[in-house]
Amino acid sequence: MKFDTARLIWIIGYLVLAPFIGGLLEGFDRKISARMQRRVGPPILQPFYDVQKLFNKQTIAVRKTQFSFLIAYMVLMIFTGAMFFGGVDLLMCFFVLSTAATFLIFAASVTNSPYSAIGAQREMIQMMTYEPAVLMTAVGFYLIRGTFDVDRIARAGSSAIVVLPGFFFAFVFILTIKMRKSPFDEAGSHHPHQELVKGITTEMGAKNLAVYTITEWYENVFLLGVVGLFIVNRNPLSYIGAIVVILLVYFLEILIDNASARVRWQTMLKMTWGVTLLTAGVNLMMLMLIYR
Amino acid sequence: MGKVKRSPWLLHYDGSSCNGCDIEVLATLTPVYDAERLGVENTGDPMQADILLITGGINEQNAPVVKQLYDQMPRPKVVVAVGICACTGGIFKDCYNIRGGVDTTIPVDIYVPGCAARPQSIIDGIIKARDLFQKRSDEHDEYEKTHHGGAGEEKING
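If you read the sequences in order, they're chains P and A. Just so you know, we're using the working numbering here: the first sequence kicks off at 1 and counts up by one. Just so you know, we're using the working numbering here: the second sequence kicks off at 1 and counts up by one.
Hints are supplied without guarantee of correctness; some may be wrong.
Simulated pairs of lysine-lysine, BS3-like, Cα-Cα distance not exceeding 27 Å [as the list claims (entries may be wrong)]:
1. P:Lys-64 - A:Lys-67
2. P:Lys-31 - A:Lys-5
3. A:Lys-67 - P:Lys-181
4. P:Lys-207 - A:Lys-93
5. A:Lys-128 - P:Lys-64
6. A:Lys-93 - A:Lys-5
7. A:Lys-128 - P:Lys-207
8. A:Lys-3 - A:Lys-93
9. A:Lys-3 - P:Lys-31
10. P:Lys-31 - A:Lys-145
11. A:Lys-3 - P:Lys-207
12. P:Lys-207 - P:Lys-64
13. P:Lys-207 - A:Lys-145
14. A:Lys-135 - P:Lys-270
15. A:Lys-128 - A:Lys-3
Keep in mind that the hints were calculated from the coordinates and are not lab data.
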């Protein structure tokens, strides 16, 4: 592979900017949520204040290995995003994403806390739930573009969403699970005072929670990047369209989050697989008839 | 070093109270008073909490629980006693199983009187607590610098 400056700029841009974009998006999330509930809400920069505070607190860890697992989670997540924005294989990105999630499960289950254990088990159920839609996304892109390379998918003549509306819907649907929003915030309840006590992050304090939070920001930017991949094409103007669609999708997630209560995992599994099958599955069948 | 006072996370524990103060604590988080605009998050996890908010007096049964919650919170931390029962034992003071206020079991920093304490005075208590939290944090950083490797990484015993 020859050296490509544009790729390097994309990768460095992701590494440097993703935490800021992710943090800002969370800040807007909290502000918009507050306004939806007719509250004033915290400042936009609140997520950054939280992380800064977490780094200033004493770290108490029941098992010190938790920090190593969280670092592995973070490194793999950054790796996933860097590969995606570097324009490498989309399928490989999704595989590394799953590996990263596995390290999060290790970090949660290493402590033996019951809340943390429930969170880790539910995280596994969540993975089982969203994985078909994620893989289908990669399959959809391959069918219409003949390649998994993000680089070449993004340089196609038309937007992928035109022929992949079902795949797009399925991916946005599982975004609710990946972003840990109601009604699918099974592993870690979206609000910390609920019966799960944040589930998967119960035993993470101070520095560990800060690492986890920053990793979530990296992950969110990567996932929204995949949403954008449905829109972008050879035309530079399509990137503006992609940003608009990403913001709309993010607003939709906030709206869903505020308008729904958490469902049981059985319901989540049935709904998600049903939606994946009906939208991405039907779209896939139509594609196979057209793109023979 | 950093401005930690912008992000005080609360842990609310209900001692042997009549629930009047608890309802007022929850009221401070509702849209009318909205404590979240100060960066407050109501967490149920002592490991992530900065300010321990206790309502109601301490009796023989909940004393070990309060002590354990306090011990599980990472430094720097602040304790706020909300309501007259948490301050002194209040109307339950002379009951056979009541030890008295929260300060009979753990050190209390801020006392918020009232029966029940009004949301306005609870928010005032939180603001005083977060200033103290900032001060403690600065002292904690100073301690970290002078005692290198001593206080940062610590295991809970038992």
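Going through the hints against the structure:
1. P:Lys-64 - A:Lys-67: 24 Å, holds
2. P:Lys-31 - A:Lys-5: 19 Å, holds
3. A:Lys-67 - P:Lys-181: 34 Å, violated
4. P:Lys-207 - A:Lys-93: Answer violated: Lys-207 (chain P) to Lys-93 (chain A) is near 41 Å, above 27 Å.
5. A:Lys-128 - P:Lys-64: Measuring from Cα to Cα gives roughly 34 Å; hence the hint is violated.
6. A:Lys-93 - A:Lys-5: 34 Å, violated
7. A:Lys-128 - P:Lys-207: Distance ~25 Å between Lys-128 (chain A) and Lys-207 (chain P) Cα, so the pair holds.
8. A:Lys-3 - A:Lys-93: Outside the cut-off at roughly 39 Å; violated.
9. A:Lys-3 - P:Lys-31: Answer holds: Lys-3 (chain A) to Lys-31 (chain P) is near 20 Å, not above 27 Å.
10. P:Lys-31 - A:Lys-145: The given pair, whose Cα atoms are some 36 Å apart, is violated under the 27 Å limit.
11. A:Lys-3 - P:Lys-207: 16 Å, holds
12. P:Lys-207 - P:Lys-64: 12 Å, holds
13. P:Lys-207 - A:Lys-145: 17 Å, holds
14. A:Lys-135 - P:Lys-270: 51 Å, violated
15. A:Lys-128 - A:Lys-3: 15 Å, holds
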